[in-house]
Amino acid sequence: MASSVLTDSRWIARGALRTAAPRFLLWLAPWAAVLAVGIYAAGLCLYHGLNQTHMDNRFAFGLWIFLDLGIIALGAGAFFTGFLVYILKRVELKPVLNTAVVVGLICYSGAMAILMIDVGQPLRAWFTFWYPNAQSMLTEVTFCISCYLVVLIFEYVPLLLRNRQLRRVPSFLVFEHQLHKLVPVLAAVGALLSFFHQGSLGGLYGVLRGRPFAFREGFLIWPSTFFLFILSAIASGPSFLMLVTAAVEKVTGRRLVSPQLYSRLGFISGVLLAVYVAAKCLDTLLWLNVTSRSVGFAPWQFYSHRPFGTPVLFVEIVILGLLPAFLLTYRRFAMRRGLLLGAAAMACAGVLLNRFVLTIQTLALPTLGFDRFLLYSPSWQEVASFAGVIGYGVIIYSLSYRYLPLFGQAKGNTYVPGN
Amino acid sequence: MSARYGMVIDLDRCTGCGACMVACAAENNVPPLPQATPRTGLTPLLVRKVSNGMEGGAQREVFIPIMCMHCEHETPCVSVCPQQAVEVDKATGIVMQMPQRCLGCRYCMTACPYHARYFNWWDPQWPAGMEKSLNPGVAVRMRGVVEKCNLCHARLHAAEEKAAASGRREIDPADYIPACVEACPTAAIRFGNLADGKDPASHEAHSPDAFRLLARLGTEPKIYYKSKEAWVKALAEPGSGPAWEDQHG
Amino acid sequence: MSRNSLALGLGVATALLAGWVAFPQVLYVRKHQPVEFHHKTHSEKSGITQCGDCHTLRADGTFIGMPRLETCSGCHSQRIGTSREEATLVDEYIKPGQEVPWLVYARQPANVWFSHAVHVRRAGLGCAECHSSDGQSDAVRVYEQNRITGYSRDIWGHSISRLRRAPHEGMKMGDCESCHRQHHFEAGCLGCHQ
Amino acid sequence: MKVTRRDLLLWGTGAAAGLVLTPVPWKLLGDVSIWSQNWPWIPQPTHAPVEVKRSSCTLCPKGCPMRVRLAAGWPVGVAGVPSHPLSRGALCPLGFGAHQLNWHPQRLRTVLHGEKSSSWNEARIAFAKALREGPIAIVDGYPGRAASLVFDSFAQKQGGSYHVVPSPEIRALAPYQALGGVPAVDLGYDLENARTVLSFGAPLLDGWGIPGRFNHLWAERAAGAADPQLRLIQVEDSLSRTAARAWQWAPIRAGAEAALATAMARVLLEEGRVSARVPIPALTLAEAEQQTGLSTDAIRGLARTIVARPPVVAIATDDNPSIAALNVALGAVGTRGGIVRRGKKAKSYPGIDTIGSVRAVLIDSTVPWDFTPSANAEVFRFAAWNGASSRAGGADWLLPAPGFLEELTDVPTPPTSAVETYAVAPSLVKATPEVQSAAQLLCGTDTDLATVEKTIHARCEDLFQARAGTLYGDATMPVAQVVSVEKLEEQLRSGAAWIGEDVSSERLRCELKNWPTAVDSPSSRQETTWGGPALPPLASKLYQESNLREASEWRKA
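Protein sequences appear in the order of chains A, B, C and D.
Taken in order, the first sequence gives residues 1 to 419; the numbers are from the numbering used here.
Taken in order, the second sequence gives residues 1 to 249; the numbers are from the numbering used here.
Taken in order, the third sequence gives residues 1 to 194; the numbers are from the numbering used here.
Taken in order, the fourth sequence gives residues 1 to 557; the numbers are from the numbering used here.
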């Protein structure tokens, strides 16, 4: 048994140089451990109930929702790249497409898994499909995410079938070929679904009339956050792709995509980020001076509770918004790999901060005049089960990288042992 | 018939004794949950103590019973529920929470500006034998669902059954009185059909001293409060009150 | 090729057989009533004609459901006839004053509020509209209990597919709703739940 | 032909595909979610019909009448009796959870000897031995019941002594016995006719007296009004819930009540605002200011305020002579709207301070836990709930007593009432096995004692003979119209309450020769209703949730 594992070369694509099996296993081990702990923590939450978390009646949403929103935003690279490549025919982005699909798959399936733990009655979660409430943003989210997860699987399968062993099964080859023809359609469908659920994730909080800090006026049934979320997601998606690819390059010690592609992704990300920041500023001003004021809140009043002061807003918009947008788009910097990646990281951080503020700060602020400003800190079960998702992500990606041609044309490089 | 059940709570009459809370919990089979913290317990009705922040003899306190406000318009919790576990009943105006439908996503709790919704973080349990004292007609909620005040709906059922048995179409208002109203030793809570102009409660609701918490959010709550003291009235405004004032500077 | 399809076909067939024939047998546990009771005998021999004679509505509108022991002991304080069932009833229940643990076919779960008063008195439904011919039964049915939910099989209805079932069959929420819809009666969730 | 791996794979694929066309996955999906709605480990209420019976709350000497909902022989809910003129349908928070108390985790179910379990038989033997070796003291925390009579007569026959632990409200009335010769148990407050109530830390809105009575008066005549018909002035060191809702709150230093009372009397006498002929106290306003922390002007102002709206009565929380003296000065003793004599002369019993050196002490379950007798005596303590920190609570014998509505008992006039009342609290709950009341033990030891049953019957006869007062049952009727003793007893046993005639008009004479010296006594904050041994788990929990009470208070449960 062991030998068959240790000599897996016949599963690895011809010509692709991969590190030796034992080293690979060594690399997987810690991540597997993290995943194991995560599964145990999740098990505790499912068996004993959500009293295992530190959420409470006031902080009904916590770490999980924040990170779900976060990774789904970062996973947006998947649909957006597909959209650019197949719909807008930006073929130069093709090399990162497979990575985008895998990353997307990981992010979305991970988020789904966490959501299943997060609800109090997972066994009844399917009621949402049986008795859907069309008004609810959460229904929109649930439907779109689950459908899009299916799409992602369909996008992933052809990749899977291109594995050296699997492609020897003739029927698989046919199947893969057929699926491949379907991919542009899938990309289109995926893009549509994703635009919707990214939006409705924003809507999730924007519609909360009872939470003046989150509530936004909007267009038709959609509050402004609906559109801001789409923008921020597609802005951060490519940045996250860059970071992932760079990380893989670092670990494997190989150049997988051209520097031009990096700066291309960076440029796309930067431009979108700039647009997003502009929109965000406009929205914030409108909200401070019209929306929240109309129900009796003075501008900046929300920022009177430490630690959520105005600095947070400044960091979100300027340091992690405007600045990276500039760095990513301005050619002189975009050519410098370090700066580029740094800017990409800042862009991602900015979007995460935005999700954090919207989820956590909204719940921390009092609504009733005689209520208190509250904070909460997650329990180890919450942290561990999410860490598990990260472990799961790394493992899936590593396996895909090892056994599937993620970077189709990155062959024949000189072998440098991964560290 | 289309009633609009609501309450007018006279805060000047409330002594904060808490009888309403105990009566409510007993009526609705709320488990004691010794392991719960003040932030994870179940209190469909919760009396809050608020001080006017003055010193010495000028110091005053008011007690504010908080429960589901049964918002009439754009009810925040109804629109957010992904699977129709919450609804505003057409016939009674009661905002109904269905634990058997609820999947425990807690989105409604984040939507409620009054924090009047509670999640069953634990399995409901009673000291050995105490389950014999459970109130028939109210199903015990299971772990992992949201619950809140349903205006003692079991009592409305009983009233309807009684009416039906005696061939009446309408219930006798005397048969439908929520537990907290019945329990209040100072008759501070007046309950009734706000849609019925002759009902004393609807009359009270129109008195100059009546107000509603966070009325400016525009959700038209059907729980009214009443006080002659200006500082108490001020607590109802969003963005004002101790929670916000002492933050400035 | 043909061999493949044969294998596939066999698989499908096994699944269909297991799902449609075996599954219902496994899903329900069969229980017998504590006492063999015949509605027919009672209506013919003892002149009890109205369901309400034993299944009474109380003054406050609550429904007594299965008659309490005193109703039975009204006549059965001493054995009537020599049947073994009669013996069990009198010796095991009436003499020791032990309520008969009847298995209620139509018992709804704790979270349902069903008022007979409202349906019978106000809406004027006949008993048979939900309980069909149980009132004339000359033998007690076997009580089938769902192993997972603990519900009586009558709630789901006898046909596992719920297709082609008699109008009275099935007491799931959907069945209540469809009847309510027919009679243009609207109730919120808590109209029927508690 | 042999079956290949390939065949099995295909067969499996077919089966999997076929299963989707069967009810299996779909029915299971449904049934599992239904299972999650009816988890077997979650208790559900009974199907049994609900009946409503009347009784009285026996958890404290206020004896509020109750409507108890019963299902399958167990109480499933309690409510007050609105038609009752004193309680006005009110109960304290403890009362609304009382039906859960019998299953309280701290419920006593076995006899404890020291720290180890024992039996009733051994307890009886030990008690008999103690009796032989002589003298025993019996301590009662709820005097005036039929059971109390059992204690008294037993003590007399056995050459023992009978002592009572009066409720705080009664203790506050003790000084008037010295001044006017009327036993404290015969005195009450004529609150209905008072227009100014000056409370020295008494929790008037928080379980003092009959909870429903003052709450109702306050709500109807004071709540929210800028110039109320009934002025409630609270003198207290901290902002209690009563102080928070009072018309005025005078914050003074802890334990300075006596000084303030004396100083106010001085002001009133000097300014000739009161007619009573009593000497002017020696305490100067300057001293009072220094003791109470109130400015002399404040004291003067307060003094003038309380007499602005007569009749006025001052209410203390303990036997503070200075406050009693103030009432005399205010002419509030034995007058309309003041402290009145409620009726026939009741026997007054010695307190616990008079327990000499005895062989054994028998403590009734109504005695608060903070009372522990001198060490050398053998202690037989009855209790339904263990409110002590240690297992046996310092008693040699801890004897499980009947809990809520588990025994027949009667309800004498509650303290502070201005009229005589009487009710019987029928037992509505089948008693927990192994429990026995103190009275039952004594009647078992001395069989020719009049049992509680008999005494209640005798008291019914007295009521019937007297033909006075009114019966508040399902219908309200004067006793004069009740046809027979049996009918009267039947009515009382089904939860009706008797209320005597108002005799508050009867004047009392009491004179004050010289002022008690206002000593700075540490303020004794009165235990409110739920200071009892056990709080319903619900109540204790809910107090933790809301910020109504301090942690120390709800931890009692």
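Any given hint could turn out to be false.
For each label pair, taking beta carbons as the anchor points, the in silico distance ranges come out as [unchecked claim]:
{"no.": "1", "chain 1": "C", "residue 1": "Ser161", "chain 2": "A", "residue 2": "Lys89", "range": "49 to 57 Å"}
{"no.": "2", "chain 1": "C", "residue 1": "Glu169", "chain 2": "D", "residue 2": "Ser427", "range": "47 to 55 Å"}
{"no.": "3", "chain 1": "B", "residue 1": "Gln35", "chain 2": "C", "residue 2": "Glu169", "range": "50 to 58 Å"}
{"no.": "4", "chain 1": "D", "residue 1": "Ser238", "chain 2": "B", "residue 2": "Gln35", "range": "49 to 57 Å"}
{"no.": "5", "chain 1": "D", "residue 1": "Gln248", "chain 2": "B", "residue 2": "Gln35", "range": "37 to 45 Å"}
{"no.": "6", "chain 1": "D", "residue 1": "Trp41", "chain 2": "C", "residue 2": "Glu129", "range": "17 to 25 Å"}
To be clear, the hints were calculated from the coordinates, so they are not data collected in a lab.
Being a predicted model, the structure only gives us computed values, none of them experimental.
Using N, Cα and C, we set each Cβ at its ideal position, and we do this for glycine too.
For each hint, the structure was consulted:
The hinted range of 49 to 57 Å is satisfied by C/Ser161 and A/Lys89, whose Cβ atoms lie roughly 50 Å apart. Take C/Glu169 and D/Ser427: their Cβ atoms lie about 49 Å apart, and the range 47 to 55 Å holds. Separated by about 45 Å at the C-beta atoms, B/Gln35 and C/Glu169 break the suggested range of 50 to 58 Å. With their beta carbons about 31 Å apart, D/Ser238 and B/Gln35 fall outside the hinted range of 49 to 57 Å.
Between D/Gln248 and B/Gln35 the Cβ separation comes to about 43 Å, which falls inside the hinted range of 37 to 45 Å. Under the hint 17 to 25 Å, the C-beta atoms of D/Trp41 and C/Glu129, about 36 Å apart, miss the expected range.
Consistency with the previously given hints fails for numbers 3, 4, 6, ordered from lowest to highest.
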